[in-house]
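Student: The lines below spell out each chain.
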Amino acid sequence: MSDDLHAAVAAGVLPAEECFAELLGAIVEVARAIFHARGSSIFLYDEQTDELVFAAVASAEERSLLGRRIPASTGIAGWVLASRTPLVIDDLENDPRFARDVAERTGYVPEGLMAVPLLHEERALGVLQVLDRPSRSRFSLEEMELLGLFGTQAAVALDLLASARRARAALDGDGAASVVARVAAALERLDEERRDAAQALLRDLERLFAP
Amino acid sequence: MTASVHAHDDDDERPAWSLPSAAVRRIALDNPLPERVDREWAFAGATGRGVKVCVVDSGIEAGHPAVGAVAGAVAVSVDADGNTVVVPDEEGDLCGHGTACAGVIRALAPEAEIHSVRVLGSGFTGTGKVLLAGLRWAVEQDYTVINMSLSTTKRAFSEVLREIADTAYFKRTVLVASAHNMPVESFPWRFSSVISVGSHEEDDPMTFYANPDPPVEFFARGVDVKVAWLGGSTITATGNSFAAPCISALGALVLSKHPRLTPFQLKSVLYLTASNVGAPA
Chain Z
-18 MSDDLHAAVA AGVLPAEECF AELLGAIVEV ARAIFHARGS SIFLYDEQTD ELVFAAVASA
42 EERSLLGRRI PASTGIAGWV LASRTPLVID DLENDPRFAR DVAERTGYVP EGLMAVPLLH
102 EERALGVLQV LDRPSRSRFS LEEMELLGLF GTQAAVALDL LASARRARAA LDGDGAASVV
162 ARVAAALERL DEERRDAAQA LLRDLERLFA P
Chain X
1350 MTASVHAHDD DDERPAWSLP SAAVRRIALD NPLPERVDRE WAFAGATGRG VKVCVVDSGI
1410 EAGHPAVGAV AGAVAVSVDA DGNTVVVPDE EGDLCGHGTA CAGVIRALAP EAEIHSVRVL
1470 GSGFTGTGKV LLAGLRWAVE QDYTVINMSL STTKRAFSEV LREIADTAYF KRTVLVASAH
1530 NMPVESFPWR FSSVISVGSH EEDDPMTFYA NPDPPVEFFA RGVDVKVAWL GGSTITATGN
1590 SFAAPCISAL GALVLSKHPR LTPFQLKSVL YLTASNVGAP A
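Residue numbers (this note's numbering), protein chains in the order written: chain Z, -18 to 192; chain X, 1350 to 1630.
With the rest of the complex left out, here is chain Z (with noise of 0.2 Å):
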């Protein structure tokens, strides 16, 4: 619970769900761009139904994708997700599997695909997917390095998006922590002279539930 209501009351003054959700698409932005590619996309790996979930697309085309859901147990994205290792694979429309699997669930099938674990402190919260980057002679080392570092961003990114839900859902609740928002919320609104008044008022509160 402590969490959830520092998290609660710290989302009266952290942006909202939308800023992230917001990073989030300024990363696949310029993930896309920075590799040439045709498109880019962040899955968020969504617990409760074992399923990944477009959270971010950056081109227009892609647009359609968002918060459709594929299994986590089966293809690419999910076995970059379980194994926590990133792979970048080529050819991809020699695998008839995979590019009916995608075509069913997307209509969009890609030729190639770099992929990328995002990983934040022990946890697995999704994937980052670049697609069909321009053919070229070889892939370099370099280029899995940089893919990586768009990994831990696009990781700490989906970390406070996953916070901002938590807050929102403890403040959406009848806890403490919607009490304790809904008064922090409360406060910022008053005029500076209530303000002071309020603040004392609950400085005198904090001293009375001090251990």
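Some hints could be false.
Said to hold, decoys possible - Mimicking EDC-like on lysine to aspartate or glutamate, the simulated pairs with C-alpha atoms at most 16 Å apart in a straight line are:
#, chain 1, residue 1, chain 2, residue 2
1, X, 1503, Z, 102
2, X, 1401, X, 1460
3, X, 1503, Z, 103
4, X, 1520, X, 1489
5, X, 1575, Z, 74
6, X, 1575, Z, 72
7, X, 1575, Z, 92
Claimed, not checked - Partner residues are not named here, just some residues of chain Z that face chain X (Cβ under 10 Å, in silico):
#, residue
8, 54
9, 66
10, 73
11, 125
No lab work stands behind these hints: they were computed from the structure.
Just so it is clear, CB atoms sit at the ideal spot from N, CA and C, and this is done for glycine as well.
Given the structure of chain Z, go ahead and fit chain X onto it with the hints provided.
Tutor: Just chain X, lined up with the frame of chain Z:
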């Protein structure tokens, strides 16, 4: 007390905690390395025959032209009570990755016996537990080489994984694991009892380098590798995932020619025959 100085001959004997003078003559090594270890001695002419290589991964597509026969396949999952279960694998490969690893091994060690332990594909939740159970099962089967092109970041699993890796090491099962190429702590590749592998960019499976600056110990081909994939297909792939089976296969070659080598000796042989050590560049 009878000193059992040659414990690997008989598992029932007590381990050799000490070595009385009278027992010294009994520890003559049955497979001493030659004065000069080179590739000719290490694996020239070897095919992997007699060596069992186990791929702990997403399963293997049996009968794939680049893989051929799979000698045995099991799938590990977690049942409703949270217990791990090992059953014969009827599904094959659910991703393509395990088939890719098996193909890399088959290309270099054509007569090695390839086995599959599928630890992926039954949902993400519990992956760490399944991975652990799969590796433990594989070690119990006495495979000669176990290839693990995956890892876990769960610290809670690291101690148990380390114990399994040490058990493998002492019972002469060589555990080859792909190193992580992101700045995260993951296991089991970081353990000193396993052989950890990262990628180099050259297009030659016989080029491999010893790393003077571990924890990654060897670099093998892992960039733009033509690998076997689902439906009998072939794709081009990059990742340390494909470097590890290169070293697994080379290990299988060495062990098919010199079956009594310990994992310690095998690592030494790989070191001495690495492209930046004993072998011509």
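Student: Now, for every hint given, state plainly whether the structure supports it.
Tutor: Hints versus structure:
{"no.": "1", "hint": "1503/X / 102/Z", "result": "holds (9 Å)"}
{"no.": "2", "hint": "1401/X / 1460/X", "result": "holds (10 Å)"}
{"no.": "3", "hint": "1503/X / 103/Z", "result": "holds (5 Å)"}
{"no.": "4", "hint": "1520/X / 1489/X", "result": "holds (10 Å)"}
{"no.": "5", "hint": "1575/X / 74/Z", "result": "holds (14 Å)"}
{"no.": "6", "hint": "1575/X / 72/Z", "result": "holds (10 Å)"}
{"no.": "7", "hint": "1575/X / 92/Z", "result": "holds (15 Å)"}
{"no.": "8", "hint": "54", "result": "holds (5 Å)"}
{"no.": "9", "hint": "66", "result": "holds (6 Å)"}
{"no.": "10", "hint": "73", "result": "holds (6 Å)"}
{"no.": "11", "hint": "125", "result": "holds (6 Å)"}
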